[in-house]
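Please assemble the complex out of the two chains, which come individually in their own frames, going by the hints.
Read top to bottom, the protein sequences are chains W and P. Note that UniProt numbering numbers the first sequence so that position 7 is 7, with each residue one more than the last. Note that UniProt numbering numbers the second sequence so that position 199 is 199, with each residue one more than the last.
Among these hints, one or two may not hold up.
[Unchecked claim] Short, incomplete list of chain P residues facing chain W, as computed with Cβ under 8 Å: (1) L84; (2) D151; (3) H224; (4) D229; (5) T233; (6) L235; (7) S253; (8) R331; (9) D337.
[Unchecked claim] Output of the computed footprint for chain P on chain W, the stretches with three or more beta carbons under 8 Å from beta carbons of chain P: (10) 420–427; (11) 506–516.
Rather than coming from a laboratory, the hints here were simulated on the basis of the structure. Predicted, not measured: the structure shown is a model, and the values here were computed from it. By construction, the Cβ of each residue, glycine as well, lies at the ideal position given by its N, Cα and C atoms.
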Amino acid sequence: MDVSYEWLKELVDVPVSPEELADKVSRTGIEVDSVTHPDAGLKKIVVGKVLSLADHPDSDHLHVAQVDVGEEAPLQIVCGAPNIAAGQTVIVALPNSWVGGHTKIKKSKMRGVESNGMICALQELGFSDSVSPKAYSAGIYVFNEAIAPGTDALEALGMTDAILDFEITPNRADALGMRGVAWEVGATYDEKPHFKDIPVEETGKPITDLLTATVTDENDAPAYQMRVVSDVTIEESPLWLQRRLWNAGVRPVNNIVDVTNLIMLEYGQPLHAFDYDKLASHQILVRRATNGEHLTTLDGNDHELIDDDIVITDGTRPVALAGVMGGLDTEITASTKTVVIEAAKFAPVNIRRTALRYNLRSEASSRFEKGVDVGSINLALDEAARQMATLGHGAVATGTLSASAIKPEPVIVNISLARINHVLGAELTAETVTTIFKRLGFGVTEADGLFTVSIPTRRWDISIEADLIEEIARIYGYDELPSTLPTTTMTIGQFTPSQTRRRRTRKLLEGLGLTQAITYSLVAEADAPAFALEASEPTQVAWPMTNDHSTLRQNLVTGLLNAIAYNVARSQNDLALYEQGRVFLRSKDQTRPVEKEYVAGAITGLTRQKSWHEAAQAVDFYNVKGIVETLLGDYRLNEPVRYVALTDDPTLHPGQSASILLGDKRIGLIGRIHPGYAKAHSLPDTFVFELDLDALLAADRSDMTAAPAPKYPSVTRDIAIQVGIEVEHAAIEAVIWQNAGKYLQDSHLFDVYHGKNLPFGQKSMAYTLTYRRDDQTLTEDEVNAAFAKVQAALETELHAVIR
Amino acid sequence: MDLKTKLEQLDQENQKRIKSVKELDELNKIRVELLGKKGPITEALRGMRDLAPEERPKIGEFANQVKANLQESIAERKALLEQLAIHAQLAKETIDVTLPGDQKQVGTPHILDQIMDDIEDFFIGQGYQVVDGPEVEEDHYNFEMLNIPKDHPARDMQDTFYLDDQLLMRSQTSPVQARTLEIHDFSKGPLKMISPGRVYRRDNDDATHSHQFHQVEGLVIDKHITMADLKGTLLALAQHVFGADRQIRLRPSFFPFTEPSVEVDVSCFRCGGKGCAICKYSGWIEVLGAGMVHPNVLTNAGVDADVYGGFAFGLGPDRFAMLKYGIDDIRSFYQGDIRFLSQFQQEG
Chain W
1 MDVSYEWLKE LVDVPVSPEE LADKVSRTGI EVDSVTHPDA GLKKIVVGKV
51 LSLADHPDSD HLHVAQVDVG EEAPLQIVCG APNIAAGQTV IVALPNSWVG
101 GHTKIKKSKM RGVESNGMIC ALQELGFSDS VSPKAYSAGI YVFNEAIAPG
151 TDALEALGMT DAILDFEITP NRADALGMRG VAWEVGATYD EKPHFKDIPV
201 EETGKPITDL LTATVTDEND APAYQMRVVS DVTIEESPLW LQRRLWNAGV
251 RPVNNIVDVT NLIMLEYGQP LHAFDYDKLA SHQILVRRAT NGEHLTTLDG
301 NDHELIDDDI VITDGTRPVA LAGVMGGLDT EITASTKTVV IEAAKFAPVN
351 IRRTALRYNL RSEASSRFEK GVDVGSINLA LDEAARQMAT LGHGAVATGT
401 LSASAIKPEP VIVNISLARI NHVLGAELTA ETVTTIFKRL GFGVTEADGL
451 FTVSIPTRRW DISIEADLIE EIARIYGYDE LPSTLPTTTM TIGQFTPSQT
501 RRRRTRKLLE GLGLTQAITY SLVAEADAPA FALEASEPTQ VAWPMTNDHS
551 TLRQNLVTGL LNAIAYNVAR SQNDLALYEQ GRVFLRSKDQ TRPVEKEYVA
601 GAITGLTRQK SWHEAAQAVD FYNVKGIVET LLGDYRLNEP VRYVALTDDP
651 TLHPGQSASI LLGDKRIGLI GRIHPGYAKA HSLPDTFVFE LDLDALLAAD
701 RSDMTAAPAP KYPSVTRDIA IQVGIEVEHA AIEAVIWQNA GKYLQDSHLF
751 DVYHGKNLPF GQKSMAYTLT YRRDDQTLTE DEVNAAFAKV QAALETELHA
801 VIR
Chain P
1 MDLKTKLEQL DQENQKRIKS VKELDELNKI RVELLGKKGP ITEALRGMRD
51 LAPEERPKIG EFANQVKANL QESIAERKAL LEQLAIHAQL AKETIDVTLP
101 GDQKQVGTPH ILDQIMDDIE DFFIGQGYQV VDGPEVEEDH YNFEMLNIPK
151 DHPARDMQDT FYLDDQLLMR SQTSPVQART LEIHDFSKGP LKMISPGRVY
201 RRDNDDATHS HQFHQVEGLV IDKHITMADL KGTLLALAQH VFGADRQIRL
251 RPSFFPFTEP SVEVDVSCFR CGGKGCAICK YSGWIEVLGA GMVHPNVLTN
301 AGVDADVYGG FAFGLGPDRF AMLKYGIDDI RSFYQGDIRF LSQFQQEG
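So that you can see chain P by itself, here it is in the shape it has in the complex (with noise of 0.2 Å):
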């Protein structure tokens, strides 16, 4: 058998081999066999001395064509089966996507707390300060400063928990106004707060009662502050707070701190003002109590009631979030049942 024979045989002996291989490393093999240094290739080129001098370009080139059919093929074999085992790989790795993840535990801010956070937020976006006062007051800032004298009939409106003859558990959050009103220095421009916190009175508990709920104050004192102001400003946190459509209305109420004094009525959320059980059938919801500040409240305070006046305002978070999300007993808020509190997942 003369050489070229002996090579194209090799080709086609071995090309039938590569096509069959199923595995890549059985592949490397016949590489390393076929196209290494003591392969049948380099073994046949070795044959060439024996051939006439004018053969042996021939010869070369044919056998280095061989050589270059079987890299082909090899490379060829080699990218199949190298798809091939991604494809096992991929089916093998395929999983099920609906089966549940991980959960994470993630806590839930107290409803609130999310509702003060967002009056709060709603306030600090129109330059006002936040300001906590004590939770433990003197009947002094809780009353007195706020023109409640001793033995005023106006102290029925609320029953507070003394803890002598002059220290209570406040009974709403105006104090911090008398506490605020008193230190600020109007020289460095107009007052403007708020002060949200817990406050008690002496009530039992109930759906509707609780000793303990919260209050959220409002205080805006300078030299030209109107009623109008007071109206456009709980119009806007009552935008905020209830939707964008809502109206409010304000009706004569009495507060000793406030003159004049006026209840807020918010359009129903609910209904949208045609009347529903939630409104009591009226179209309206009482949500808060506001006034222009009185004028012996500054006074008091040190502040010159001929110059500087304003409005004051004080809302209920419970209150709030009763109505907003229909809960209809107040004890919810402090029993701590994780059901009830885990329901209300941060809102926006």
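Just chain W, same shape as in the assembly (with noise of 0.2 Å):
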């Protein structure tokens, strides 16, 4: 809320500059985002009355005017605007003077003819164009009230104030008004606000021979009050009003509509004004909407309404969306001459609703939405039909139509001291409190630590105990409060096992030389199901915010290869990127995916780079299986882990993947990016490998425990194989495994060979077996033996020929 210093300065005595207010105020009540001074940058701008006006003898549309400005001589000015006339008030930019933009503006030639100086529109003053009064948009603004020429013109147009920018949040609605601001003020300088209320004057007939008022449901429009205000003239609102106004970033429209706003900006109360005379029959339903019902509102744009939506009738039709916006038959036009005048309290939500449903926020529907003062509503009626009246040269009827009512009364909240400084962590004193209560604009008795407050109803905000300890705290100072820590039992600070897995998992992979990256969980429709472990359906937000950020991913590798495309597009080819994060699972017949952590990496390029000193080296399928074989070691997993060939998966090079099983569940996979997939988006040849945390860190785990290092000398034995291609290392170990005897330690493979010196179709695999007892040495002719049983096993069982 834009609130004028000048103003505020009318309502309450601030003994401080705006800046040092904004400041104060930020720290004690509401924040303000910003101190703005209208005419900062502005210089030498004053008032002037064009005194005569000729045609330009060498344009059509410029003019040569002779501008009194307060000096002896008048100024000529050339002006292009096409509503100047002789007799104007104007704005007048002197010579060597500073408008908006940081412009200067100098003595010139236009067109041959001499320019002393500029007459301005309000925009080049630095008015938006929402501000600016739109019979003025196309053109200079003129006063419509006789200045002195040479009078300031920034002082006179209001620019000389300050304006702060008060973000009101929505539990403090009661300073979307001046006076509630002016409370707020009041209670951070110990100032008591001083409001002028002045009695309406009733003096045309009884509202009841005009109008009636009936509410179907309390519930609607808890507080419905009208006023009449009759023979009113239709006009510009005199500069005072529309001044107030555009410093509030309001545009003024005319007298009527003007005051509605200036009530609003004042109380806090939104009011509407109806034309009198366009309303069907002089019968006011507030009712509620049935569903396919028209109102075309204010903006001009037809809405089909629904029987959520509250809706003010003529007794026919709608002619306000209640709250939110009017209806465009009955607004207040040139030709009115009688005006109802409506203030009221409606139910909150479906305010907020219907504002919402036909995207109709307003400042009418932004307030009655968080609430509004009981206690102002008729305050706020009695006022502007009292300005109506004497700014439109009416009369106001006699009486308030009252269809509803709220009788306002104070909410009684009573609290202890002990509980206000048990909550504080303070000591503060019952004078104290009292005090601030008080500052507060709240009534107070005390007796014995025990406070009874009376909350007026402009702060409806509070009810209960801990609102009144906020309003204690803040007016105190919160600086005032010390600082300790808590004071409770002890409590054991650890990880869970799974938390400290993960971070485990991570520094693991990081020691292996990936970088963590942290990529999107919304991603496009196509990435989600990809590069998948487990089968599911897709998840997707109702209303993404762009087709890449729809769906909920059920895998981590295409977050990183959009990473990698995104380096790779930026000449970055060596990566090897690692993200640990969560996957979004769902079955058919759930609604609420299942979220399981995964761990998945992506590498490109080299791994390691050329030196003087080592070859390059660049990633393949083995460097990234160390990886995962490293990272799952880790986890002294029970089962045996193995990697069965994959050939099926779309994305994956079939002839260079695997899917990685514990025991007979899949948990990972590992490969090589499909060459049509890498195609497809414009990725190099990438290793990628996927694993789901959840089912390792549920698998069974053996436990840590100690052995003595071996007494016994080991013995090794290498062998030489040669088998058909096709055989699988994994097979060839089975077999070594399953005869080795109990005495094998390791098989290490440590050659494979294909190609010169072998039949085709055939390969050699060496071996390197490790032989050790715990109990005593091994002899020659154990080891011997145990070798021999493992000869003959391969040879007869993978017809493997020993080398």
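In structure tokens, the structure reads:
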């Protein structure tokens, strides 16, 4: 809310500058985002009177004006505005003045005619288009009252004021009016606001002769009050009112509409004005809309209403969406003679829903949805009627129509001094607390440390102890509270096993050379199911911001591949990235996805750069498998991990990919991305892996136990075998272990060869077998016997030739 | 030539020979040749039988003297040659120690995880537990349990991704408060928890907005937890994260789940509070929101608000990182540019 410093000072004494006020109020109550001085950067701009006007001799649209600017001789100024006329009081930027946009106005010649300054439009002084009165939007601004030429125009326009931008949180809707702001500032500086409430003079007919008003359901409109002002003349508002509005960011329209806005700005109470003569009947009825009923609102848009909307009707048709926007048919126009003013309180939830439904959020609806001060409804209505009668030269009808009403009564909240200090951790005295309540304008009595606090209706946000404690704390000052650490029963702080493991996993992968990435959980629909470890239905957000972030991811690999593509597009070609995070998996009968912790990696380019000392190493399958094996090894899994060739995943290379099985459960995948997929996604040759961390954490894992270092020496035997090229290492290992006897400690593949010197379709595999007994030294005979058994089994089971 | 002269001559000749030897192999040959069983000294001693018996001990002694002399010379020469050989080896093996070593590639933890890990460690040390919560959340926990009923204006404060009427991408980590409060057994002691994690808002991604970011929620509930405790806890946190000289200040604010609610500023770590571009010349930087837990939140979770109370806070690791390291575009965290990611070597 834009708060005019000058206006505020009329309502409460402010002992400090706008900047100091902004800082202080931000610390004790409501954050002030900025302080704006509208005249900043503007200089030598005065009020002038156009004495005479002549056509420019060399132009069909320029005029040459003689303008009295309060100096001895008038200034000759060339002006192109279509609405300039002799006799007008206008804004003049003198020679060497500064106008908006850091522009300096100099004496010049325009098509051969001397021009000593500029006659200004409001926009040229920095007014936004949304605030400048429409009547002058295409030309210069013309004052509607006589002001002595030479007067400071910035002051006349209210631009010497300071505007404080109060950031009103939803709970402080009481400060959505100047009076509320004045109370808040008053509490801050211990100053009591001084409001002028002038009684309204009722000189017209009894209102009941003119109009009736009924509310169908008082829950929808707990307070509904109306007044009528007749015989008004619609005209421009006086300058003081225009000033007030545009300094609050509101565009002046005409005297009646401007008064409704003025009153809303002062009291926080939104009002609506109807043209009495355009109401079909003079029986106002507040009711729910019927489904399918139509209303064209002030903005010219037609809406098909539903029965959740509260409408004001004129007995036959809706004439306003209650609390949101009036109807076009009954709006105030230049021909309006009689005005019906409405001041009400509507059901906040309905107002909010209606405003959202039709995208019609307005100053009025944003106030109604947060509530209004029931104590101000009639004050605001009366003042509106009084101002309209005054400014519109009309008469206020006698009486107020009351279709529904709430008796404004204070809310009583009791609180003890002990409770206040218990919550704040402070040692406030009863006197301090009483003083604070009084500064806030609350009624208070205290006996034996028990306060009975009477909360005026203007602070409808306060109803419980905690609310009062906040009021005390902020006015007392948070800076004054001590700083302590909680003293409770001791608690143990420790990570869960899962949290510990996840951290360990991250550290391991970083140690293995992978850099952690964090990618988006919301991904493109096509990316979500790729590289899936298990089948899942897609889960989508209802209203995505973009198609790229519409679906919850079911894998982590595509996010990493996006990062790879991003890097490669920036000539970063050697990449090793991992991410640890959640995927969202859902079966057909679930609406809520299951969240699983995964970890995935993507590696491309060189894992080692060529140097003077080492050859370059490009990533390959076994590189990445080594990373996965190291990681899985650290989990001390009881069941064996197996890598089974994966040939049917369309995103993966069918000859260089594997499912990772723990026992019989698929817990991961590893492989090279399919060349077709790489091409389609502008990716380089990339190897990826993905593991289901939750499955690993849930799997049987061996405890760490200690074993003494072996006492007896081990013996090794090397064996090289020639087998068919299709025989997998895993099969050979299986045969070795099945036939190794109990003393085999390790089988290590140290060479794989195929090519020259071998028959076609054959390869050579060489293993080192390590034997050891833990109870005594192995004899040569024992080793030879065990080794021979392995050799024989390889020959018979795999048709291996021992080399 | 008598035997003695012969021995003297043998000594002189061979001393010269030993001193001129250059190779250990050759020296070894000389040793074998001179001192071996078929060597000239043994040979000379064989001539002793021709001597008079009284001469024999003298010549024998002399012969042994010659043998000892030669042995000593060979040993000296051997030591010298060995030393020379080591020198030669060292000279040959000398390398340029300024040549670069074999670099091992080590990955870098993401800066956001570093910040969250650091904050977790800080609170673990104070007896807090770290609680994980779901990222797909129910409206019930994300809002209603937190005193934000449907159609409440406070829902405007965060625009939320809904999956359907009930499910949403959590817009804050606060629902973990509600979930933990519901199940915590207060008879076993106070609740002290933090909950870090991802949150989501319907924002268009730009330099200062991201539809995905992170929060760390904190909650302490017991029979006597005060606003002063909140202030002290946040001061300690601010000093831990932003430096020991930092101060904090609390300003009134509004969150539906706390009352009183405050926003917390930390004194500018760049200028120390004098005013600079980072703190927009105010000396203070807003870093988090906090407050005393609203009694409705406790009641909603089945906790007796007359007996129990405490504080909650929520902070943004993304914002912390941006402030602390001068990062000007929040998208940097999620794009995965290796040059951005790898610059944050683990602190400490």
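For each hint, the structure was consulted:
For L84(P), the shortest C-beta to C-beta distance to chain W is roughly 31 Å, which exceeds 8 Å, and the interface hint is violated. Interface hint at D151(P): satisfied, since its Cβ lies 4 Å from the closest Cβ of chain W, which is below the 8 Å cut-off. Taken as an interface hint, H224(P) checks out: its beta carbon lies about 7 Å from the nearest beta carbon of chain W, inside 8 Å. Satisfaction of the interface hint for D229(P) is found here, the shortest Cβ-Cβ separation to chain W being roughly 4 Å, below the 8 Å cut-off.
Residue-level restraint check for T233(P) holds (minimum Cβ-Cβ distance to chain W is 6 Å; threshold 8 Å). With a least beta-carbon distance of about 5 Å to chain W, the hint placing L235(P) at the interface is held under the 8 Å criterion. The closest approach between the C-beta of S253(P) and any C-beta of chain W is roughly 7 Å, which is under the 8 Å cut-off, so the hint is satisfied. Hint status for R331(P) relative to chain W: violated, with the closest Cβ pair at about 10 Å, above 8 Å.
Because the beta carbon of D337(P) sits about 6 Å from the nearest beta carbon in chain W, less than 8 Å, this interface hint is met. Requiring three or more residues with a Cβ within less than 8 Å of a Cβ of chain P, the coverage given for the segment 420–427 of chain W holds, as 5 such residues are present. Three residues within the 8 Å Cβ limit are the bar, and the segment 506–516 of chain W against chain P gives 10, so the coverage statement holds.
The structure fails hints 1 and 8 (numbered hints given earlier, in ascending order).
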